[in-house]
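Line by line, the protein sequences are chains A and S. Sequential numbering of the first sequence, starting at 23, is according to the numbering used here. Sequential numbering of the second sequence, starting at 23, is according to the numbering used here.
Zero decoy hints are in this set.
Just so you know, same-sequence chains aren't split out, so a pair can sit in one copy or run between any two.
Keeping only pairs whose Cα atoms sit at most 27 Å apart, straight-line, the calculated DSS-like set for lysine-lysine is:
1. K325 to K160
2. K160 to K313
3. K109 to K142
4. K323 to K313
5. K160 to K142
6. K325 to K313
7. K160 to K109
No lab work stands behind these hints: they were computed from the structure. Source: prediction; values computed, not measured.
Protein chains: 2
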Amino acid sequence: MRRQLPSVEQFVQGIRASDRVLLGQAITLVESAREEHQILAREIIGRLLSPSHTSLTSLRIAVTGAPGVGKSTFIEALGMHLVAQGKRLAVLAIDPSSTVSGGSILGDKTRMEQLSASEKAFIRPSPSGDSLGGVARKTREAIVLVEAAGFDTVIIETVGVGQSEIAAQRMTDVFLLLLLPGAGDELQGIKRGIVEMADFLVVNKTDGDRVKLANQARGHYLNATHLLPPKSSGWQPRVMACSALENMGITEIWEAILEFHSHTLANGFLQENRRQQALYWLEDSIEAGLKTMFYKHPAVKEKLAEVQAEVLAGRMSPTEAAARVLAIVDW
Amino acid sequence: MRRQLPSVEQFVQGIRASDRVLLGQAITLVESAREEHQILAREIIGRLLSPSHTSLTSLRIAVTGAPGVGKSTFIEALGMHLVAQGKRLAVLAIDPSSTVSGGSILGDKTRMEQLSASEKAFIRPSPSGDSLGGVARKTREAIVLVEAAGFDTVIIETVGVGQSEIAAQRMTDVFLLLLLPGAGDELQGIKRGIVEMADFLVVNKTDGDRVKLANQARGHYLNATHLLPPKSSGWQPRVMACSALENMGITEIWEAILEFHSHTLANGFLQENRRQQALYWLEDSIEAGLKTMFYKHPAVKEKLAEVQAEVLAGRMSPTEAAARVLAIVDW
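All chains should be modelled from the sequences, with the hints used to inform the complete structure.
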């Protein structure tokens, strides 16, 4: 990423040929704050994103759960199973807290040691950013790049405790929530809204002393899902158990995910969902672009500096100041 | 809220005279999606928000913690203590998940039975909204209204598991995190970034069989806070214990909060923090207003409908479509 960046053409050809170095560099461009990088990234994505963005050659899976539930171990176990089946897997993440805390889920690749060693897997830590929107947008663009590079299965990891899951749901086909044996969802910091989004509730760590607790938890969630309103996919959320550590239950989970995939392809939900997601990302792109354009406007810059000084001095309210800046571009 | 709405003048006078009905109606206007309500709300807030928005007559406290930690019981216990001291307390909330799940923290006023019966307390459930930004903006405007109505202490409750805490921090003077005895922060779904924001870490439910566990938890968090980087307020985060249920430790917590208040007033942090918050809310108001203006533009509406159809049909990528809509207003 020094002086000599490859050309758009080189990026496009390289990514299509599954060149991991160029793929990694292109994602770095997507994540960069520098405008020249952003422009280059947009060109590359524009070339690689065919208009038929609703093409169904890939399966996108959101995996979430509270910290400590074993997401990395689970993704590693599922990922090794997929790779053994001949799949090519990309693992991306959305973790806006990485900005606040300096840490990041997936920041440490060694947490998925076997998987990161595989030629058929591509693991990328969460982009950083000053807002969830920015972080999510970068991850969504990374999906375009990894799919163009031939990765047919994409896992989006989130930390399972808030708004990131909504962003993840808006870019995936299936939503898998990992749970700890024994703890009620309240104790796990899992919000009810997130349980409702799940197509799969998987009780992990069903091993050793925890088997009995895990079975209780499964029963609990089974009851809970029966009380939920029916999903528009027509899919009854599946409650399953596994031990990622002992590689138990992983095959069954993958088969169930494939069943979900066939089900939603057959009834058209997957296609319709992707269309709605495209509309959502259209809106998101418009709003991000609008802000960029606005703040670059010279008269806006000038007026903004002026009212900021007034606000800092306590002479003007933020609401009044905003109205004055907006008056500049009122159409 | 039928046909005959009070005039701006009636609202302003009524709120200044602490009329609870008019205060409640004004907050409903803030929360309303109808444009005429929004305009009226903006006028009322413009009148009530003095330019010296950095006035320091109120204390704003963020209270957060994972579901199940006992936030309502804690706020009720602290609130009753405040009311007994002659304070006037408003309790507001930020819970964007109330949109997804239909439920809402504070949705059920009966959870704070004593406090809601007090004439010196005003409790309002979280506004709903389709984005965290929208929900937070409404809560921030409600702060202006309750303070104008003479409430000198404002508690902002959040659910403790994600981005809402960042929004809460951006509108409060002090940040209090409630914790369960025994559980490590990982198990509680509390992200490291949130622990770092806390001025007070309070282990609740220090009662009955849990006293030993609670003391262990206190020790754990005490160690943890010593490892954190120093805060720009110059305040060393305080780890405390209480039992909201048994009304134990509440007085000490309130005294410590007052100590924090004096400390940050004396070193100027509180004033500087409010100035920075005003800048943040200026930016937020600009961006919300910009979107509203943009989508109302007739040519934008027309082009947007056109490209949405293309995107839905799979003939255009969201990125390309966004560029075409933005081209309309390119300055």
